[in-house]
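Engineer: Could you build all of it, start to finish, from the sequences and the hints given here?
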Amino acid sequence: MEEIRLVQGNEALGWGALAAGCDGFFGYPITPQNEVPEFFAREMPKRGKVCVQAQSEGASIMMLFGGAGAGFRVMTSTSSPGWGLMQEGMSHLACAELPCVVVNVQRGGPGTGSVSGAQMDYRCVTGTGGGGGYRNIVLAPASVQETHDLVQLAFYLADKYCNPVVVLSDGILGLIAETVELKAIDFGPLPEKDWAVAGRDRQKDGERRFLNAMPAVAPPRWGYPDYLSWLEHLGQKFEQMAQSEVRYEAYRCEDAELVLVAYGYVSRVSKEAVNTARAEGLKVGLIRPITLWPFPYQVLRDKADQGCRFLVVEDSLGQMVDDVRIAVQERTAVHFLGQLSRHLPGDGGMILPDRVLEEIRRLA
Amino acid sequence: MNEKSKTRVKVAQLHRAIVFPIPGCPGCQHPTIGRIIAEVLEELDLDGKAIAVYGIGCHGNIGAINVDGIEGTHGSPPDVATAIKRLRPNSFVFAIQGDGDCLAIGAGSFLSALARREMITIILCNNANYGMTGGQLAPTTPIGVETTTTPDGRSVAAEGYPIRAAELAAVFEGVAYSARGALTGPKDYQRTKRYVRKAFQKQIDHVGLSFVEIISACPPNWHCRPVESLRWIEEKMIPIFPLGEFKDADRLG
Chain A
1 MEEIRLVQGN EALGWGALAA GCDGFFGYPI TPQNEVPEFF AREMPKRGKV CVQAQSEGAS
61 IMMLFGGAGA GFRVMTSTSS PGWGLMQEGM SHLACAELPC VVVNVQRGGP GTGSVSGAQM
121 DYRCVTGTGG GGGYRNIVLA PASVQETHDL VQLAFYLADK YCNPVVVLSD GILGLIAETV
181 ELKAIDFGPL PEKDWAVAGR DRQKDGERRF LNAMPAVAPP RWGYPDYLSW LEHLGQKFEQ
241 MAQSEVRYEA YRCEDAELVL VAYGYVSRVS KEAVNTARAE GLKVGLIRPI TLWPFPYQVL
301 RDKADQGCRF LVVEDSLGQM VDDVRIAVQE RTAVHFLGQL SRHLPGDGGM ILPDRVLEEI
361 RRLA
Chain B
1001 MNEKSKTRVK VAQLHRAIVF PIPGCPGCQH PTIGRIIAEV LEELDLDGKA IAVYGIGCHG
1061 NIGAINVDGI EGTHGSPPDV ATAIKRLRPN SFVFAIQGDG DCLAIGAGSF LSALARREMI
1121 TIILCNNANY GMTGGQLAPT TPIGVETTTT PDGRSVAAEG YPIRAAELAA VFEGVAYSAR
1181 GALTGPKDYQ RTKRYVRKAF QKQIDHVGLS FVEIISACPP NWHCRPVESL RWIEEKMIPI
1241 FPLGEFKDAD RLG
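Chains as they are written, first to last, in my numbering: chain A, 1 to 364; chain B, 1001 to 1253.
Keep in mind that the hints were calculated from the coordinates and are not lab data. Just so you know, not all the hints are guaranteed correct.
Derived, one-sided and incomplete: chain A residues facing chain B with beta-carbon distance under 10 Å [stated by the list, open to error]:
id : residue
1  : V52
2  : Q55
3  : G67
4  : H92
5  : A196
6  : Q203
7  : R209
Heads up, the beta-carbon is just placed ideally off N, CA and C, and yes, glycines get one too.
Structural biologist: Below you can see the structure in the form of structure tokens.
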């Protein structure tokens, strides 16, 4: 499959999943991601694959639990309120160490909020919403092409670490259309899923498999002798993710005195503002985290050590800015331009390049 | 080899579907339900291709049966089983649930699976209370029965009526089989085993979802001795949970 076509952001999630060999999609309708379940309902049966419209987001995530437990590549998609409903299942999946891909096309909040795009779920998505202090990698695309590519990476990383991976999109990125090269990406070999439930006769060793999320009562599948040794293993796995999977884009940062930090749709707005400011001779750059967890602390700390100041642009009241402050540790100033700087007072507003540029000029 | 592991070998030889004795309090009938399931799986030669799904509650102890198993969240087994059966249609997939799992927190999952005609089997262990958490009110607690959260007995005014799952399931067009059995004597044991066998056969024959509710004694939380718990079932449960088959279809419309 190698083809260039005009694709909407939400559909790119689907094309990426197909390229990654997704076996099953389970989802519940919610705006602004309805094109995702509609895509799978259209495309999966043609390919002899599974698509089920669940009765709730809580059911979608537990269908992932079953599908992942049976050794298949499975995915669900939701938007902010639905994300909240999935959190018990997310914790369960992380505990049972089952790989799957969960997409959150963010809308405005809190509560039922609005159906327009926003970036108000950063904290609950990167900080893990369910109980028990597990971690999950969060990939944040900034274009339709990157959406398509990161979904494939998400499936790979999920299988690599036996852990749920989140793709964090938003209502703006989900609804824009761009040209995309549809192409399967090869990330390399993965271990066999010999832990999956398939029926005892299908197991190579003839031994039954038992998957659960109650490691204190039933023995976890990797055979750790007790709860704490298993927890130690889990902690080491999260640490390995944190060390190995940091991804970011540094744009025109080499001689920058002011570094913008932004992800998702706002990073594109910010990039445009950086280009205009550069044309005016201002020394400005952009760091765009691609993984929101693990967060690229080190590159920001290095920039802070070089004396750079920061401007965090984020379509929320301020969430990622906390991580930037942790990275910078008061070495230099961290400024913030947030949701209240949108171009419209209603829920349909956006942070526009002119507003970001205005802030750059003020701080430069 | 110590005494304990000797016993284990003996049990494994008797029933290849049971790896070790299913745990339970004195008089608990969940292990008996496990034994019935294991016997039927062996008789139908299904244990090698079976995948069992459990929820949260005492019924999870039946996880000791020697088939591939997966334990979901509280109330989720119909969802977990749905995905497994859709992705592995040649496997034999059944869910074991407690009354709270199936009819309280998981009621939406249960009803939705019935409606979607998932090709799975659900076994409900109805012991009229939340056993694992210490004997609280369940959706199947009979009126008047004291639990730790109904200290004066379940009242219609405050807690309403028990849910009759077998009758409820029979109403659904997607259900091929629905029955309720008990284990109060050898005759009931054999009858309940026939129900389970029939339910499993419906899945093999690809007719529709099959459901068996089994009344299961819980002497510690019923505050009686095991032998008295059998009378408790006959006096307090059978009148509102009659035994029998409520639906038995060979073909669904």
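Engineer: It remains to establish, for every hint, whether it holds in the given structure.
Structural biologist: Status of the hints after comparison with the structure:
1. V52: holds, 6 Å
2. Q55: This interface hint holds because 4 Å falls under the 10 Å limit.
3. G67: holds, 4 Å
4. H92: Holds - the Cβ of H92(A) comes within 10 Å of chain B, reaching about 5 Å at its closest.
5. A196: holds, 9 Å
6. Q203: For Q203(A), the interface hint holds, since the closest Cβ of chain B sits about 8 Å away, which is under 10 Å.
7. R209: holds, 5 Å
The structure shown violates none of the earlier numbered hints.
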